[in-house]
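Trainee: When you get a sec, could you build the whole thing from the sequences and use the hints?
Residue-level listing of the chains:
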Amino acid sequence: MVLGALLAALVNLGGTGKYIHWGFIQISVANFIVIILMIVVFILAILLPFPKRKGDRQ
Amino acid sequence: MSSVKKARRFNPDRDVAPWKGAYVPYDILKEAFVALLAVAVLIVVMAAVFSSPDDPSITLKKWSAVNPVDFAQTAITELDGSSGTATYGPPYNATPDAAQHMGFFEPAQWFGVHQPINTAQDFVIGPLRTLPNQQLLQRALDVYQGASAAQQSAWTTAYEKAVANATDVQGRLHVPAGRYGPVGYIIGSLTAMAQTGGLDGTLLSEGQFYNTDYTKPLLFLADGSYLESLAGAQHLQGSQWGMMNETGNYPGQAWLWLYTMWYQVAPMNTSSNADLEVWAIMMLLSVGLIFLPFIPILRSIPRWTRVYKLIWRRHYRELATT
Amino acid sequence: MSIDTDIGAESGPGGPGPTTAESRQWTARVRHTAESAFPPDQLLPDRQPAYMASWIYVFGVLTVVSLAWVIITGCILAIMGPSWWHVSSTGHFVNSLHLWSVEFFFFFMVIHLWGKFFMAAWRGNRRLTWATGVIAFLVSVPAAFTGYISQQNFDSQWISTQAKDGINATGAGAVWNVLNFGQMLMWHIVLLPIGVIIIAGLHVLMVRRRGIVPPFAVGDAHSETPVAAPLEEPA
Numbered sequence: 523m524v525l526g527a528l529l530a531a532l533v534n535l536g537g538t539g540k541y542i543h544w545g546f547i548q549i550s551v552a553n554f555i556v557i558i559l560m561i562v563v564f565i566l567a568i569l570l571p572f573p574k575r576k577g578d579r580q
Numbered sequence: 070m071s072s073v074k075k076a077r078r079f080n081p082d083r084d085v086a087p088w089k090g091a092y093v094p095y096d097i098l099k100e101a102f103v104a105l106l107a108v109a110v111l112i113v114v115m116a117a118v119f120s121s122p123d124d125p126s127i128t129l130k131k132w133s134a135v136n137p138v139d140f141a142q143t144a145i146t147e148l149d150g151s152s153g154t155a156t157y158g159p160p161y162n163a164t165p166d167a168a169q170h171m172g173f174f175e176p177a178q179w180f181g182v183h184q185p186i187n188t189a190q191d192f193v194i195g196p197l198r199t200l201p202n203q204q205l206l207q208r209a210l211d212v213y214q215g216a217s218a219a220q221q222s223a224w225t226t227a228y229e230k231a232v233a234n235a236t237d238v239q240g241r242l243h244v245p246a247g248r249y250g251p252v253g254y255i256i257g258s259l260t261a262m263a264q265t266g267g268l269d270g271t272l273l274s275e276g277q278f279y280n281t282d283y284t285k286p287l288l289f290l291a292d293g294s295y296l297e298s299l300a301g302a303q304h305l306q307g308s309q310w311g312m313m314n315e316t317g318n319y320p321g322q323a324w325l326w327l328y329t330m331w332y333q334v335a336p337m338n339t340s341s342n343a344d345l346e347v348w349a350i351m352m353l354l355s356v357g358l359i360f361l362p363f364i365p366i367l368r369s370i371p372r373w374t375r376v377y378k379l380i381w382r383r384h385y386r387e388l389a390t391t
Numbered sequence: 002m003s004i005d006t007d008i009g010a011e012s013g014p015g016g017p018g019p020t021t022a023e024s025r026q027w028t029a030r031v032r033h034t035a036e037s038a039f040p041p042d043q044l045l046p047d048r049q050p051a052y053m054a055s056w057i058y059v060f061g062v063l064t065v066v067s068l069a070w071v072i073i074t075g076c077i078l079a080i081m082g083p084s085w086w087h088v089s090s091t092g093h094f095v096n097s098l099h100l101w102s103v104e105f106f107f108f109f110m111v112i113h114l115w116g117k118f119f120m121a122a123w124r125g126n127r128r129l130t131w132a133t134g135v136i137a138f139l140v141s142v143p144a145a146f147t148g149y150i151s152q153q154n155f156d157s158q159w160i161s162t163q164a165k166d167g168i169n170a171t172g173a174g175a176v177w178n179v180l181n182f183g184q185m186l187m188w189h190i191v192l193l194p195i196g197v198i199i200i201a202g203l204h205v206l207m208v209r210r211r212g213i214v215p216p217f218a219v220g221d222a223h224s225e226t227p228v229a230a231p232l233e234e235p236a
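Chains as they are written, first to last, in this note's numbering: chain A, 523 to 580; chain B, 70 to 391; chain C, 2 to 236.
Among the clues, some could well be false.
As the list claims (entries may be wrong) - Taking lysine-lysine pairs in the DSS-like style, the calculated list, with each CA pair at most 30 Å apart, reads:
| hint | chain 1 | residue 1 | chain 2 | residue 2 |
| --- | --- | --- | --- | --- |
| 1 | B | K99 | B | K378 |
| 2 | A | K574 | B | K378 |
| 3 | B | K378 | B | K89 |
| 4 | B | K89 | B | K99 |
| 5 | B | K131 | A | K540 |
| 6 | B | K130 | B | K230 |
| 7 | A | K574 | B | K130 |
| 8 | B | K131 | B | K230 |
| 9 | B | K99 | A | K574 |
Since the hints were made in silico from the structure, they are not lab data.
Mentor: Structural data, given as structure tokens:
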């Protein structure tokens, strides 16, 4: 299908992987970004105000 | 059963008073529907932008063509029973003292051999025996199989010494001369068979038409260095925290971080029982996580760290103003 | 077995109870147990406690819908078979959808776990809710793993030949052969999804049964015995 061909990767994540070495820890940049994102999203989820509902209070 | 009647001291890390306060309207199905659409958008965008990796599989054909010397060096260890698979122990064979253990705990040994592999027969002699119109080869195999164990060992040892200095001349294997009897011809024929692709097919099919069990070709591949060297280049080896990683720059399995971390620390990082030890640790931690509500100190961490004050800050504000 | 015409006996505050004849029936007893455990307005509530006022609460439903997309995209892959994505760019796109929905599934599930931990969401007889959640995570890991080794590419070759050492060491390798593509594919598309769905389903039912955990009471941070708080009665 043409759609599939059109939707081939816009960003090529193939090729040589980039890694971070920190002491005995070795982590891929990709995984590191995922983990940082999780922490950021968690913090945002807790800090961002939740919309107030004008509902019946039972 | 009524716990209200039981004389049990209230523990804020275990108990909580039932909510008698206000409720607000909340449409959980609409929320689920919106979430379904939101995640659909997310995965379509990620799939369109980043796609997914598909590094093609390697074959015995590719391996023997790219590195016939390594192939032959592996093949001789399969014939003489010194390869990783041949000395693995259960579930592949009954090599003594091969199974991992922690003290008396030796589950692999207890479960025994259920995927029997005889590397000499299954990886070398058997596949070569399937080749038609190869009288010289069949004669070489007859000579080898008819010889005494001591004679076979003398031949394979001599070949191993010689093949350590083998060279690859335009894809063809050249092994220095030596007193290795029919073994040189046998391993040379196996290398040639692999280079035609015939070995991939024979090892997989095991004489049947249909098969979906890749145990034999995978074990043979894993005994050599070609698969391992490709994995090392992609940072997938154990000592590289490889379990978490994916080929290229794709995110892998970040949730395996704790499992793979144990392999990097003492004593597991130098232990021959590392796999069993790491599994034991992870089983213990998993059970610990399931039973966390029962574990003192750990179950108090949420109350001590007071992150909940941020989560429920509207509730506490409303309580303070009423 | 005689047909009992005296069905739907007198109603009480707890709803119609079974008649003497019905109460012997498995069907009636199962229905009665289900109805008392999950009255409709508790199974599908249209209201939530007022303290549910944080974005952290959406990560449970985000995890569930990510799982839904994992299954839907997996079903599309199943329609065309395991080799399709290697030969078709549409197939490759669907495979990408499947992979990214798995990444989001774990992403949201772990954030959900962190949130529930910091809320000490096991309080008030919710320990089974917590336990089913953890078990859902633990079963999801092999579900994802069997997917990786069903890819039929270099990744599968490497992952399976490495993982075999861990699995074999436990003895499970005698029966559960990670090098056996046929076996692993069937675990991935039949047995483990059924396991994940059942456990996740039980987890959601437990949440409906007990409701979401109330906040720590004021004073809980400092003492073990605040102003006389009654224990939560099990439903």
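Trainee: Given the hint that K99 of chain B pairs with K378 of chain B, test it: the Cα-Cα distance must not exceed 30 Å.
Mentor: Cα-Cα ~28 Å, so holds.
Trainee: Please work out if K99 of chain B and K574 of chain A have their alpha carbons no farther apart than 30 Å.
Mentor: Holds, because 17 Å separates the two Cα atoms, which is no more than 30 Å.
Trainee: Within a Cα-Cα threshold of 30 Å, do K89 of chain B and K99 of chain B meet the stated pairing?
Mentor: Holds: K89 of chain B and K99 of chain B sit about 26 Å apart, inside 30 Å.
Trainee: Below or equal to 30 Å on CA atoms is what counts here, so check K574 of chain A against K130 of chain B.
Mentor: violated, 65 Å
Trainee: Between K131 of chain B and K540 of chain A, is the straight-line Cα distance small enough, at 30 Å or below?
Mentor: Satisfied, since the Cα-Cα distance of roughly 27 Å is no more than 30 Å.
Trainee: Please work out if K131 of chain B and K230 of chain B have their alpha carbons no farther apart than 30 Å.
Mentor: holds, 25 Å
Trainee: For the pair supplied as a hint, K574 of chain A and K378 of chain B, is the alpha-carbon distance within the 30 Å limit?
Mentor: Holds: K574 of chain A and K378 of chain B sit about 18 Å apart, inside 30 Å.
Trainee: Measure nothing beyond the straight line between the CA atoms of K130 of chain B and K230 of chain B; if it is 30 Å or shorter, mark the hint as holding.
Mentor: With Cα atoms ~24 Å apart, K130 of chain B and K230 of chain B stay inside 30 Å; holds.
Trainee: Going straight from one Cα to the other, do K378 of chain B and K89 of chain B come out at no more than 30 Å?
Mentor: Holds, at roughly 20 Å.
Hint 7 from the list above is the single one not met by this structure.
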